[in-house]
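S.K.: Residue strings, one per chain:
Number of protein chains: 2
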Amino acid sequence: MTTKQPDHGARPNILFIMYDQLRFDYLSCAGHPHMDTPNFDRVAAKGVRFTNAYIQSPICGASRMSTYTGRYTSSHGAQWNGFPLRVGEQTMGDHLRREGMECWLIGKTHMKADAEGMARLGLSPDSMIGARQAECGFDVWVRDDGLWGEGPDGFYDSNRSPYNAYLKSKGYPSENGWHDFANAGVDDEDNLASGWMFANADKPANIAEEDSETPWLTRETIRFIDQAKDGWCAHVSYIKPHWPYIVPAPYHDMYGANHVPQAMCSEAERVDPHPVYGAYMQNKIARAFQQNEVRQKVIPAYMGLIKQCDDQLGALLDHLEATGRMDNTMIVLTSDHGDYLGDHWLGEKDLFHEQSVKVPMIIYDPSTAADATRGTTCNALVEAIDLAPTFVDRIGGKIADHILEGRSLLPWLYGKTPEWRDFAISEYDYSATPQAVKLGLEPRDARLFMIFDGRYKMMHAEGGFRPMLFDLENDPEEFDDLAKGDTHKAEIERLYGLLAVWGRRMSQRVTKSEDDIKGMRGASLRKGILPFLVDGSEVPEELTAKYRGKAPAKYTPE
Amino acid sequence: MTTKQPDHGARPNILFIMYDQLRFDYLSCAGHPHMDTPNFDRVAAKGVRFTNAYIQSPICGASRMSTYTGRYTSSHGAQWNGFPLRVGEQTMGDHLRREGMECWLIGKTHMKADAEGMARLGLSPDSMIGARQAECGFDVWVRDDGLWGEGPDGFYDSNRSPYNAYLKSKGYPSENGWHDFANAGVDDEDNLASGWMFANADKPANIAEEDSETPWLTRETIRFIDQAKDGWCAHVSYIKPHWPYIVPAPYHDMYGANHVPQAMCSEAERVDPHPVYGAYMQNKIARAFQQNEVRQKVIPAYMGLIKQCDDQLGALLDHLEATGRMDNTMIVLTSDHGDYLGDHWLGEKDLFHEQSVKVPMIIYDPSTAADATRGTTCNALVEAIDLAPTFVDRIGGKIADHILEGRSLLPWLYGKTPEWRDFAISEYDYSATPQAVKLGLEPRDARLFMIFDGRYKMMHAEGGFRPMLFDLENDPEEFDDLAKGDTHKAEIERLYGLLAVWGRRMSQRVTKSEDDIKGMRGASLRKGILPFLVDGSEVPEELTAKYRGKAPAKYTPE
Numbered sequence: 001m002t003t004k005q006p007d008h009g010a011r012p013n014i015l016f017i018m019y020d021q022l023r024f025d026y027l028s029c030a031g032h033p034h035m036d037t038p039n040f041d042r043v044a045a046k047g048v049r050f051t052n053a054y055i056q057s058p059i060c061g062a063s064r065m066s067t068y069t070g071r072y073t074s075s076h077g078a079q080w081n082g083f084p085l086r087v088g089e090q091t092m093g094d095h096l097r098r099e100g101m102e103c104w105l106i107g108k109t110h111m112k113a114d115a116e117g118m119a120r121l122g123l124s125p126d127s128m129i130g131a132r133q134a135e136c137g138f139d140v141w142v143r144d145d146g147l148w149g150e151g152p153d154g155f156y157d158s159n160r161s162p163y164n165a166y167l168k169s170k171g172y173p174s175e176n177g178w179h180d181f182a183n184a185g186v187d188d189e190d191n192l193a194s195g196w197m198f199a200n201a202d203k204p205a206n207i208a209e210e211d212s213e214t215p216w217l218t219r220e221t222i223r224f225i226d227q228a229k230d231g232w233c234a235h236v237s238y239i240k241p242h243w244p245y246i247v248p249a250p251y252h253d254m255y256g257a258n259h260v261p262q263a264m265c266s267e268a269e270r271v272d273p274h275p276v277y278g279a280y281m282q283n284k285i286a287r288a289f290q291q292n293e294v295r296q297k298v299i300p301a302y303m304g305l306i307k308q309c310d311d312q313l314g315a316l317l318d319h320l321e322a323t324g325r326m327d328n329t330m331i332v333l334t335s336d337h338g339d340y341l342g343d344h345w346l347g348e349k350d351l352f353h354e355q356s357v358k359v360p361m362i363i364y365d366p367s368t369a370a371d372a373t374r375g376t377t378c379n380a381l382v383e384a385i386d387l388a389p390t391f392v393d394r395i396g397g398k399i400a401d402h403i404l405e406g407r408s409l410l411p412w413l414y415g416k417t418p419e420w421r422d423f424a425i426s427e428y429d430y431s432a433t434p435q436a437v438k439l440g441l442e443p444r445d446a447r448l449f450m451i452f453d454g455r456y457k458m459m460h461a462e463g464g465f466r467p468m469l470f471d472l473e474n475d476p477e478e479f480d481d482l483a484k485g486d487t488h489k490a491e492i493e494r495l496y497g498l499l500a501v502w503g504r505r506m507s508q509r510v511t512k513s514e515d516d517i518k519g520m521r522g523a524s525l526r527k528g529i530l531p532f533l534v535d536g537s538e539v540p541e542e543l544t545a546k547y548r549g550k551a552p553a554k555y556t557p558e
Numbered sequence: 001m002t003t004k005q006p007d008h009g010a011r012p013n014i015l016f017i018m019y020d021q022l023r024f025d026y027l028s029c030a031g032h033p034h035m036d037t038p039n040f041d042r043v044a045a046k047g048v049r050f051t052n053a054y055i056q057s058p059i060c061g062a063s064r065m066s067t068y069t070g071r072y073t074s075s076h077g078a079q080w081n082g083f084p085l086r087v088g089e090q091t092m093g094d095h096l097r098r099e100g101m102e103c104w105l106i107g108k109t110h111m112k113a114d115a116e117g118m119a120r121l122g123l124s125p126d127s128m129i130g131a132r133q134a135e136c137g138f139d140v141w142v143r144d145d146g147l148w149g150e151g152p153d154g155f156y157d158s159n160r161s162p163y164n165a166y167l168k169s170k171g172y173p174s175e176n177g178w179h180d181f182a183n184a185g186v187d188d189e190d191n192l193a194s195g196w197m198f199a200n201a202d203k204p205a206n207i208a209e210e211d212s213e214t215p216w217l218t219r220e221t222i223r224f225i226d227q228a229k230d231g232w233c234a235h236v237s238y239i240k241p242h243w244p245y246i247v248p249a250p251y252h253d254m255y256g257a258n259h260v261p262q263a264m265c266s267e268a269e270r271v272d273p274h275p276v277y278g279a280y281m282q283n284k285i286a287r288a289f290q291q292n293e294v295r296q297k298v299i300p301a302y303m304g305l306i307k308q309c310d311d312q313l314g315a316l317l318d319h320l321e322a323t324g325r326m327d328n329t330m331i332v333l334t335s336d337h338g339d340y341l342g343d344h345w346l347g348e349k350d351l352f353h354e355q356s357v358k359v360p361m362i363i364y365d366p367s368t369a370a371d372a373t374r375g376t377t378c379n380a381l382v383e384a385i386d387l388a389p390t391f392v393d394r395i396g397g398k399i400a401d402h403i404l405e406g407r408s409l410l411p412w413l414y415g416k417t418p419e420w421r422d423f424a425i426s427e428y429d430y431s432a433t434p435q436a437v438k439l440g441l442e443p444r445d446a447r448l449f450m451i452f453d454g455r456y457k458m459m460h461a462e463g464g465f466r467p468m469l470f471d472l473e474n475d476p477e478e479f480d481d482l483a484k485g486d487t488h489k490a491e492i493e494r495l496y497g498l499l500a501v502w503g504r505r506m507s508q509r510v511t512k513s514e515d516d517i518k519g520m521r522g523a524s525l526r527k528g529i530l531p532f533l534v535d536g537s538e539v540p541e542e543l544t545a546k547y548r549g550k551a552p553a554k555y556t557p558e
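If you read the sequences in order, they're chains H and U.
Residues in the first sequence are numbered from 1 upward in steps of one, following full-length UniProt numbering.
Residues in the second sequence are numbered from 1 upward in steps of one, following full-length UniProt numbering.
A hint or two may mislead.
For identical chains, the list gives no copy identity; a pair is met inside one copy or between any two copies.
[To be verified] Derived pair list, reagent style EDC-like, types lysine to aspartate or glutamate, alpha-carbon separation capped at 16 Å:
#  : residue 1 : residue 2
1  : 518       : 445
2  : 518       : 102
3  : 546       : 153
4  : 229       : 189
5  : 170       : 210
6  : 170       : 480
7  : 229       : 139
8  : 518       : 442
9  : 527       : 153
10 : 398       : 514
11 : 229       : 327
12 : 168       : 473
13 : 550       : 187
14 : 554       : 318
15 : 416       : 514
16 : 527       : 211
17 : 518       : 327
18 : 550       : 515
19 : 170       : 211
20 : 398       : 139
21 : 307       : 209
22 : 489       : 445
23 : 518       : 226
24 : 527       : 471
25 : 284       : 538
26 : 554       : 211
In short, the hints are calculated from the structure, not lab data.
Keep in mind that this is a model prediction, so the values were computed, not measured.
Excised from the complex, chain H in its bound form (with noise of 0.2 Å):
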C-alpha cells in the first residue's frame, strides 16, 4: 500500500499546519475577491490545492481527534469537545514513531485525556508514555489550545497557558493577557472592551502585534525548527482566525464592510426547516449573525485574523527557504472547519453546509515526483483522515489500514489517479448542546452524520427525524432541501445504502492488521488444532504425528 516514491532515500520533514475556523473560501487562491493571501497562494503554486477536502466533524475537538487519529469520529469515540480520547487510541504521533519519526506538537490540540481509563491502567501523566497519552500521540514542544475563557466556574480549559505565561514575562499586568490584551480592546472610556462581544470586534486588540497569538506561535515554531534533526514532523497548530474575533493593529482596519459579502441566505431555508437546523438558526449564535451590524464588525476581523497567519506563514516559508529547508520538507495547510458567518442563517460551524464542513487543504511536496501536479487543484472527495496515512505513506512506512480509515493522498500528489473513495462522511454528536435539549433528545439520539457523493449531500439525524438533501451541481449555495418533499425518494434511499455501508465498515479490529490474518491462514493445524479429521488420513502425516504411536500408559480403573 505504499506509494512508491522514485526520488528520495532521506526522509522529509514535515510541516503540518492546521488553523482553527479557518473556511474554504477565504483565501485569494480559492477565489475570494477580497483576501489576499500570497503565502497560501504560494504553497498553493508549490503543491496541490484539494478543493473538496472534509473534516469529520464540524467542531474542533472531535475534528482534531479525527485528524490525529486517522479514524471517524464513531470509531474513536471522542465525538465532541472536551470529551476525551479514550486511552490506547492511536495518533498519528504513534503510527510515525513506529516508524522512528519523532512527531512534535506546537500549538493547539483541543485533546481532553482520559484520566480515568488512564487511571485505570495505572498510567501517570508524567511518564513518558502517559504524557503522550495525555496529549494526543505527540511530543509537546509547546501546547496551547488558546481559549482561556474565565467564568463563575472558573476556567474554560483547566490547563495553564503557556500564551499566558510568555505576555507576563514580557510585562502585560495580568492573569489572562490572552483575554485582557490579546483578545479585547480598549473602549474610549478606558474600559476593557471584550472581544467576546461581537461589539468590539473592530477595535484593535491591545498588544503590541508581534505578542499576539500567531506571530508568538510562529516564533516558537522556527525556535522549534532551528533545534531539530531534520526528518522531524511538526504540527503547528494556530488557533486563529478562531474566536474571539478580535485583531491587533494594523489588521484590524484592513477589511471594512466593503468587503462584506452578503450572507449566503435563502427564505427557502425558513420555511419548514430540518428540526435540528430550525433549532440551530433560533440559537444565540445563529441570532447574532443575522444581525447585519454583527457581519459587519465581525467578518472583517476575521479577514484581520486570516491576513495575519497569511503574513506569518510568510515568515515561516522565508525561514524555511533561507535555511534550506524548501527542499526537503513537505508542507500541509489546512484547518479544522469552517465558520459559518452567518451564511444558511447560522453562525460557527456544527452542521453540514460546504462553509462549515469544507476545509482548505493544500499540500507541498518537495519530491520531484510531484512536479507534475504543481500549482494545480484536485477534486476528490478528500477526508481530514487522509492526511495521518499520508504521513506515514511519505515517509515509506507501512500504513496500519486496520486502524486508520483514511487513504494516502500521495498518489494524487504524484499525478496518479488512485481508485477512490465513493463518498465522504462526517458526523456531529451534538448531545451537550442546548439544541439537544429544545429537541427533547438523550445525549444518544444527538448525533448527526453527513454522506457527500460529489453531487447529493444528505444529513441523517438520529431521534426519528427526516433526513435533509441538498444537490451541489444544481444547487451550489445548498438552499433547497430536497428532502423537504418526495421528488428525491430514490435517492435518498441510495445515501443511505452507502451509509449502512460505511455503518459495517471493519473499524475496531485494531490489533490484527490484514497481513497479520494472512499469515493466521492455515496456521491452527501446524499448531496441532486437527478437530475435524475422521481418522487422520485427510491430513499429512506430520501434522499428526504427535498423536499417534503407543499409549503412555493404560488406566485401569480399580
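Starting from the known structure of chain H, arrange chain U on it as the hints suggest.
M.R.: What follows is chain U alone, placed relative to chain H:
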C-alpha cells in the same frame, strides 16, 4: 436504569457458568428426546430459561469477548480466536470491580492479550493491572483454555496448562496428559487412540473419570467457593462438551447410535447455496459430519460429555445447598455457541443457523422478587451481551450503558415486561479461514452479520454476495433460503434498514456517559466561553463579570 430490587440489601454471589459448544437443544428441559439433564433442569425449575438467547459470534474467542465486554464484536474488535482484545477495553470484571465486587475466573476465556498495546502503554503483564488486562479483566483463580493441541509448529496455546500440571501431580506419565489421557483412548493394540480422530470417539478416554477436565474444574470451583467471602462473582468456564469428542467411562457408552437423530438437512440447501454457506458445506469439518458413521460415533460422545457436565453441575448445586449458599447465589448457565453436529450439512459452528448461534441460557435468582417466574421460560430476544449489565444491575450498580451494549435481564426475571430490542445481532469474521481463501476474499471483506427479528433471520455477507433469509415461523428448520429468489425483497430491505440502524449505533463514546453529557449541557458559559454575544446583554451579568471593568493597561504601539 437500575432495576428496583425489593428484598435484598446484601449482594448475592454470582456463579456464572459457561459451557463450551453446548447446543441449546441438548438438555432435557429444552426437550431433547434422549438427553437426561436433571441438574440443568433443576436450575431451570428454580429460575427462568430463556428460549431465544443468541451469542454475538459463533466462535469461542469472539463470542466470549462479547459476553465479557457486554459489547458486539464490531465494537470491541476481538473478532476471531486469537485476535487480541485491545488494551483498555473493559470487561464485566472492570464493571463489577468499579462497584466493589471481585470477579474471578475459573477455567477458560480464550482471551488473547494485546501484548503490543500493553507494551506501547508500558504495562507489565506481571503487575496487577497488567494481569487483569491480560486476563480479560478477571482475577485468575485458575485459567485453562482446554485446547492443548500440539503440532509440528508447537502448541496451539502458548500458555501452560494448569490441568496438565494437575495430571502430572497425579502421576499420569506425560507432558501433555490433556491429550494423551483426558482426550485419547487406547486401541486394541495398546496404541494411542487420539480424540482428535472421530474414529476414536466411542472409546473411553484413558483417564480416571474424576481426573478428567469437568470434575477437575468443578473441584477447583468448590475450592474457590469454600475460601471466598460472600459477595463474590465467579466465572466458571468449562471447556466441555467442546471437542475433542471423547469422554471417560462410564459416559463413553451411555448413549449410542440409537440416540442419534437424523441430521437436519435438506437437499434444497445444496441447490444454489449462498456462496459462503456453500464454501462451508464443502470444508473438511462439514464433509466429516456428512458421514453417518462420524455422527454415530461423535454425537454419543458429545452427549456423554454433556451428561458428565450435568452430573458435575449437580455436585456444585449440592455443595451450594449444603453450605447454605443457594439462598444468596445467583446462578447463570449458558454456552459460548452451539455445534452443527451434521445439521445443515455442517460441522462445528461459524454460521447462523439456530444450532450454532442459539445457546442455552438459564438464570436462577434467589431474590423473592423472582418467585413469580420460577420454572418459566421467556422468549424475549436475548443476547449474550445482556449478562454483564444484568450482573451490574443485580448488585445494585450503575450500568455504564455508554459502554455496555447489552441490557439487564433482571426485569424479565422479576416478571416485568421491559421495553426491549427489536432484533438480535450476531457477527462472524472468517477472514483467517480457508473459506475466505477459497472465496478469494481480502481479510476485511470476510465478515458476516446476522440480524434476527424473532421471525426473519437474515445473513449479510460483505464482499458483494447476496444475503440469506429464513422465515422461522414457516420454516423453523431453516431449510428454505428465501433470498434465492425475488419473493422477499421487501423483507430483505426492511432487515437491511434495521441492520443500518445498528451500524450507526453509538459504541465508542466510552469516555462520556449519558449523565456526564447531561451535566455538560449549558456548562460552557459558566466556564467563560462567551463568543456569541453581540454586547453581553444577552446573558446574566455574572457570566460576563470577568470581562468588564477598567482595562488593565493600555497598550501603546511605539
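S.K.: Against each hint, give a clear statement of whether it holds in the structure.
M.R.: Hints and how they fare:
In this assembly of identical chains, the alpha carbons of residue 518 and residue 445 lie at most 16 Å apart only when taken from different copies (13 Å versus 39 Å within one copy). Taking the closest pair of Cα atoms, residue 518 and residue 102 never come within 16 Å of each other, the shortest separation being 30 Å inside a single copy and 39 Å across copies. For the identical chains of this complex, residue 546 and residue 153 are inter-copy neighbours only, at 11 Å across copies versus 70 Å inside a copy, given an alpha-carbon limit of 16 Å. When the C-alpha separation of residue 229 and residue 189 is checked against a cutoff of 16 Å, the pair qualifies neither within a copy, at 51 Å, nor between copies, at 73 Å.
Only within a single protomer do residue 170 and residue 210 lie at most 16 Å apart by alpha-carbon distance; the minimum there is 11 Å, versus 81 Å between protomers. Taking the shortest alpha-carbon separations for residue 170 and residue 480, neither the intra-copy value of 53 Å nor the inter-copy value of 80 Å comes in at or below 16 Å. For a Cα distance limit of 16 Å, the shortest separation of residue 229 from residue 139 inside one copy, 15 Å, qualifies, whereas the shortest one across copies, 47 Å, does not. With identical chains, the CA atoms of residue 518 and residue 442 are at most 16 Å apart between copies only, with a shortest distance of 8 Å across copies and 43 Å within one.
Taking identical chains as interchangeable, the C-alpha atoms of residue 527 and residue 153 lie at most 16 Å apart only when they sit on different chains, with a minimum of 5 Å there against 61 Å within one chain. Taking the closest pair of Cα atoms, residue 398 and residue 514 come within 16 Å of each other only inside a single copy of the chain (12 Å); across copies the shortest separation is 38 Å, beyond that limit. With identical chains, the CA atoms of residue 229 and residue 327 are at most 16 Å apart within one copy only, with a shortest distance of 15 Å there and 70 Å across copies. In this assembly of identical chains, residue 168 and residue 473 lie within 16 Å of each other by CA distance neither inside one copy nor across copies; the values are 52 Å within and 76 Å between.
In this homomeric assembly, residue 550 and residue 187 come within 16 Å of each other (Cα to Cα) only across copies, at 9 Å, whereas the closest approach inside a single copy is 99 Å. Taking CA atoms no more than 16 Å apart as the test, residue 554 paired with residue 318 passes in neither setting, with 85 Å inside one copy and 33 Å between copies. When the C-alpha separation of residue 416 and residue 514 is checked against a cutoff of 16 Å, the pair qualifies neither within a copy, at 25 Å, nor between copies, at 46 Å. Taking the shortest Cα distances, residue 527 and residue 211 never come within 16 Å of each other, neither inside one copy (66 Å) nor across copies (25 Å).
Taking identical chains as interchangeable, the C-alpha atoms of residue 518 and residue 327 are never at most 16 Å apart, the minima being 39 Å within one chain and 51 Å between chains. Taking the closest pair of Cα atoms, residue 550 and residue 515 never come within 16 Å of each other, the shortest separation being 40 Å inside a single copy and 65 Å across copies. Within a single copy, residue 170 and residue 211 get their C-alpha atoms as close as 8 Å, which meets the 16 Å cut-off; across copies the closest is 79 Å, which misses it. Proximity of residue 398 to residue 139 under the C-alpha cut-off of 16 Å is found in neither arrangement, the shortest distances being 21 Å within a copy and 37 Å between copies.
Taking the shortest alpha-carbon separations for residue 307 and residue 209, only the intra-copy value of 13 Å comes in at or below 16 Å, while the best inter-copy value is 84 Å. Within a single copy, residue 489 and residue 445 get their C-alpha atoms no closer than 23 Å, and across copies no closer than 29 Å, so neither meets the 16 Å cut-off. In this assembly of identical chains, residue 518 and residue 226 lie within 16 Å of each other by CA distance neither inside one copy nor across copies; the values are 45 Å within and 47 Å between. In this assembly of identical chains, the alpha carbons of residue 527 and residue 471 never lie at most 16 Å apart, being 56 Å within a copy and 40 Å across copies at closest.
Taking the closest pair of Cα atoms, residue 284 and residue 538 come within 16 Å of each other only across two copies (9 Å); inside a single copy the shortest separation is 74 Å, beyond that limit. Taking the shortest alpha-carbon separations for residue 554 and residue 211, only the inter-copy value of 14 Å comes in at or below 16 Å, while the best intra-copy value is 88 Å.
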